[in-house]
Amino acid sequence: MNRRLKDNAVAYAFLLPWLLGFFALTLYPMLSSLQMSFTNYNFSKPDSTQFIGLGNYIKMFAKAPFETVAGTAMQPDKYYLKSLGVTFTYVFLSVPIKLVFALLVAVLMNQRLKGVGFYRAVYYIPTLLGGSVAIAVLWRKLFEKDGLINGVLGLFGFTDLPGWITNPKYALGTLVILTVWQFGSSMIIFLAGLKQIPQEYYEAASVDGAGPLRQFFSITIPGLTPIILFNLVMQMISAFQNFTQAYIIGGGKGGTMNSTLFYTLHLYIQGWSYREMGYASAMAWVLLVLIGAFTAIIFKSSNLWVSYGSGE
Amino acid sequence: MDARQKRALKRHICAGLTHAFIIVLGVGMLYPVVWMLASSFKPNNMIFSNTGLIPQVWTAENYLSGWKGYGGFTFGRFFVNSLTICAISVVANLFSCTMAAYAFGRLRFAGRNLWFTIMLITLMLPGQVTLVPKYIMFNDFGWVRDGLVSFLPIIVPKILATDAFFVFLLVQFIRGLPKEMDEAATIDGCSKVGIFTRIVLPLSGPALVTTALFTFLWSWDDFFNHLLYLTSPATYTVSRALRTFIGDAGSVSNWGGAMAMATLSVIPCFVLFFALQKYFVEGIATSGIKG
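Going down the list, the sequences are from chains A and B.
Those letters in the first sequence? Residues -13 to 298, per the numbering used here, in order.
Those letters in the second sequence? Residues 325 to 615, per the numbering used here, in order.
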């Protein structure tokens, strides 16, 4: 047998599980969900599926009932914009705060301290546990009207404290705190980045009389920009898709006045509680476009603020 | 005291303050977790607004009432289910992801760059976009119904290496292994399969441990897939079962039981983390793991 042919055959044999997975569990479902997003497919009555053109997409933003190309009437989704707003607020608050926090802690830990390994492990614990249902349940308890947080605040003399989870003004804030609390991965990545910045830069700056603050803004931040970019993109993508904590804290719903109705939670409710899977597919595609657009914007803007210095 | 001693003193004070700050911040951050542990031993009516850690009255009642579980199945069953899914997922991921990573990282074949680029794109793809058709497909296969068959929608994707993240991590690692060994082995008549099993796999130890670890943790903590596919209490995992403590309006009647089972549910993560900490940090630092 031809040698090249044989090499190819061996390589594709190794690749086979992944290839099967890609075609059966990624490519086909992607195309299928795109196609479904233009229909009124309902899981309970798949036989009455009709092509409704952009109906699902209009449903998201419409204010009043409208007629689809199939001639059927369609109700607007009263909660879509709400879920979009909740998600944007959550992403734009939690991601920057988390990254700033992770960076500051990383800088603190980057000094020559004894026991840094231990501290780093301890600070990683919230990230280790934070995604679990257990912690989401705990969070509900912490931020209740008679929970731990109010108990601690009470020790400092605060009275008349709200139930943070049930109050629509604060509920999303508790989820932001929960996300910021899990800053461990970003911190470890920042720490690895800090080690890459040549020590001589700091020594030279010290000789020139630059203080710690000046060094932080003129050496540390510029040196870390590629890593900030990486963390920013990864954290943003995962923040848009957050589900578990909102689901648990809202008891499977969007919380008081839908104040924690995350995009993915709304998608789940539409697709699985109401079985409107055509509509859920359309929502998923809008999410894909949104995430893609924000990633593109961040990468485009990175020319302006990311410096891939000559390095060493 | 001369100038040098003064400087040394100043440095010591600085280091001391940093230590103190890190410790205070760390205690504050971990307080909720420790409080959860402490609360699990407090009587149900004392958990409320009791900010202290030492229970005034110790009780194991929460563990007994929580362990009773849901729908006639105890948490023993849920732990077995979780461990089963995790163990199979780990083994499946190790096989499928290393195979793909070996092909991408070491073998030359037509279309390699194209497939590799596609793999990187799937890394960024939000899972929701494949969700509905996958659910319908698994339903058509008869996998979405009561019984152990409902583990399949969770396990089969692992067998097919859909966790692109681990493929990427392993590719990065395998590319760093010395190529000369492959060449020497080839000259000695070793086949590609032989190189994979005798050279690449044994040398990839750290990356394999990282893959196994994170697969375990993510499978253990996964909730969304369990919510979708595990429809009967007999198949519930720990994370799916914990949800049953919270009522539909978000009300909880047995907080003590919830805290007790939540505490038990995080123990495996703790044990793994402290046993294999080095691999965590390396895995995250070298590949930028999500989380």
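Read the hints as simulated data drawn from the structure, not as lab findings.
Warning: the hint list may mix true and false statements.
Some chain B residues judged to face chain A by a derived CB distance under 7 Å, without partners named [claimed, not checked]: (1) Ile346; (2) Gly350; (3) Met360; (4) Thr375; (5) Ile378; (6) Val381; (7) Met423; (8) Ala424; (9) Tyr426; (10) Leu431; (11) Phe433; (12) Pro450; (13) Val453; (14) Leu566; (15) Ser589.
Computed list of lysine-lysine pairs in DSSO-like fashion (alpha-carbon distance at most 30 Å, straight line) [said to hold, decoys possible]: (16) A/Lys64 / A/Lys239; (17) A/Lys131 / A/Lys49; (18) B/Lys334 / A/Lys181; (19) A/Lys49 / A/Lys239; (20) A/Lys64 / A/Lys(-8); (21) A/Lys100 / B/Lys392; (22) A/Lys68 / A/Lys31; (23) A/Lys155 / A/Lys239; (24) A/Lys131 / A/Lys68; (25) B/Lys602 / B/Lys503; (26) A/Lys100 / A/Lys131; (27) A/Lys181 / B/Lys392; (28) A/Lys(-8) / B/Lys334; (29) A/Lys64 / A/Lys181; (30) A/Lys181 / A/Lys100; (31) A/Lys49 / A/Lys31; (32) A/Lys31 / A/Lys239; (33) B/Lys334 / A/Lys131; (34) A/Lys239 / B/Lys392; (35) B/Lys330 / A/Lys286; (36) B/Lys602 / A/Lys131; (37) A/Lys64 / A/Lys49; (38) A/Lys181 / B/Lys602; (39) B/Lys503 / A/Lys100; (40) A/Lys68 / A/Lys49.
Think of the CB as a built atom: it goes at the ideal place given N, C-alpha and C, for glycine as much as any other residue.
Hints and how they fare:
The restraint placing B/Ile346 at the interface with chain A holds, with a minimum CB-CB distance near 5 Å, inside the 7 Å limit. With a cut of 7 Å, the hint placing B/Gly350 at the interface with chain A holds, because the nearest CB-to-CB distance is about 5 Å. For B/Met360, the interface hint holds, the least distance from its beta-carbon to any beta-carbon of chain A being 5 Å, beneath 7 Å. The beta carbon of B/Thr375 is positioned within 7 Å of a beta carbon in chain A (closest approach about 4 Å), and the interface hint is therefore held.
At a threshold of 7 Å, the smallest CB-CB gap from B/Ile378 to chain A is about 15 Å, leaving the interface hint violated. Because the beta carbon of B/Val381 sits about 18 Å from the nearest beta carbon in chain A, more than 7 Å, this interface hint is broken. Here the hint on B/Met423 is kept, as its CB sits about 5 Å from the closest CB of chain A, short of 7 Å. Nearest Cβ of chain A to the Cβ of B/Ala424: about 4 Å, under the 7 Å cut. The hint holds.
A hinted interface residue such as B/Tyr426 counts as satisfied when its beta carbon comes closer than 7 Å to some beta carbon of chain A; here the least separation is about 6 Å, so the hint holds. For B/Leu431, the interface hint holds, since its Cβ comes within 7 Å of a Cβ in chain A; the closest pair sits about 4 Å apart. Checking B/Phe433 against chain A by beta carbon gives a least distance of about 4 Å; that is within 7 Å, so the hint holds. Of the supplied interface hints, the one on B/Pro450 holds, with its beta-carbon coming within about 5 Å of a beta-carbon of chain A, less than 7 Å.
About 5 Å separates the beta-carbon of B/Val453 from the nearest beta-carbon of chain A, less than 7 Å, and the hint is met. Hint status for B/Leu566: holds, given a least beta-carbon distance of 4 Å to chain A, under 7 Å. Annotation: B/Ser589 was flagged as interfacial toward chain A, and the flag holds, the nearest CB pair being 5 Å apart, inside 7 Å. Proximity of A/Lys64 to A/Lys239 is assessed by CA-CA distance (about 15 Å); at most 30 Å being required, the pair is judged to hold.
For a cut-off of 30 Å, the pair hint linking A/Lys131 to A/Lys49 is broken: about 36 Å separates their Cα positions. With a C-alpha separation of about 25 Å, the suggested pair B/Lys334 and A/Lys181 falls inside the 30 Å cut-off, and the hint holds. Annotation: proposed proximity of A/Lys49 to A/Lys239 holds, straight-line Cα distance about 23 Å (limit 30 Å). The suggested pairing of A/Lys64 with A/Lys(-8) is violated, with an alpha-carbon distance near 59 Å, which exceeds 30 Å.
Taking the CA atoms of A/Lys100 and B/Lys392, the gap is about 46 Å. The hint is violated against a cut of 30 Å. For the hint linking A/Lys68 to A/Lys31, the alpha-carbon distance of about 28 Å falls within 30 Å, and the restraint holds. Taken as a hint, the A/Lys155 and A/Lys239 pair is honoured in the structure, with Cα atoms around 17 Å apart against an allowance of 30 Å. Between A/Lys131 and A/Lys68 the CA atoms are separated by roughly 25 Å; this keeps the pair inside 30 Å, and the hint holds.
As the CA atoms of B/Lys602 and B/Lys503 are separated by approximately 26 Å, the hinted pair is consistent with the 30 Å bound. Simply put, A/Lys100 and A/Lys131 have alpha-carbon atoms about 41 Å apart, too far for the 30 Å limit, and the pair is violated. Taken as a hint, the A/Lys181 and B/Lys392 pair is broken in the structure, with Cα atoms around 50 Å apart against an allowance of 30 Å. With a C-alpha separation of about 69 Å, the suggested pair A/Lys(-8) and B/Lys334 falls outside the 30 Å cut-off, and the hint is violated.
Taking the CA atoms of A/Lys64 and A/Lys181, the gap is near 50 Å; set against the 30 Å cutoff, the hint is violated. In summary, the hint linking A/Lys181 to A/Lys100 is supported, as the alpha carbons are separated by about 16 Å, within the 30 Å threshold. Distance restraint check for A/Lys49 and A/Lys31: the Cα-Cα separation of roughly 26 Å lies within the 30 Å cut-off, and the hinted pair is therefore satisfied. The hinted pair formed by A/Lys31 and A/Lys239 meets the criterion: a straight-line CA distance of about 24 Å does not exceed 30 Å.
Only pairs whose Cα atoms come within 30 Å are accepted, and B/Lys334 paired with A/Lys131 is rejected, the gap being roughly 45 Å. For the hint linking A/Lys239 to B/Lys392, the alpha-carbon distance of about 26 Å falls within 30 Å, and the restraint holds. Under the criterion of a C-alpha separation no larger than 30 Å, the hint pairing B/Lys330 with A/Lys286 is inconsistent with the structure, at around 50 Å. For the proposed pair B/Lys602 and A/Lys131, the alpha carbon gap of about 40 Å is over 30 Å, so the pair is violated.
Between the alpha carbons of A/Lys64 and A/Lys49 the distance comes to roughly 8 Å, so the proposed pair stays at or under 30 Å and holds. Distance check on the hinted pair: A/Lys181 and B/Lys602 sit about 17 Å apart at the alpha-carbon level, within 30 Å; holds. This hinted pair does not check out: B/Lys503 and A/Lys100 have alpha carbons roughly 38 Å apart, beyond 30 Å. The straight-line distance between the Cα atoms of A/Lys68 and A/Lys49 is roughly 13 Å, inside the 30 Å bound, and the hint therefore holds.
Going down the numbered hints, you'll see the structure goes against 5, 6, 17, 20, 21, 26, 27, 28, 29, 33, 35, 36, 39, while the others check out.
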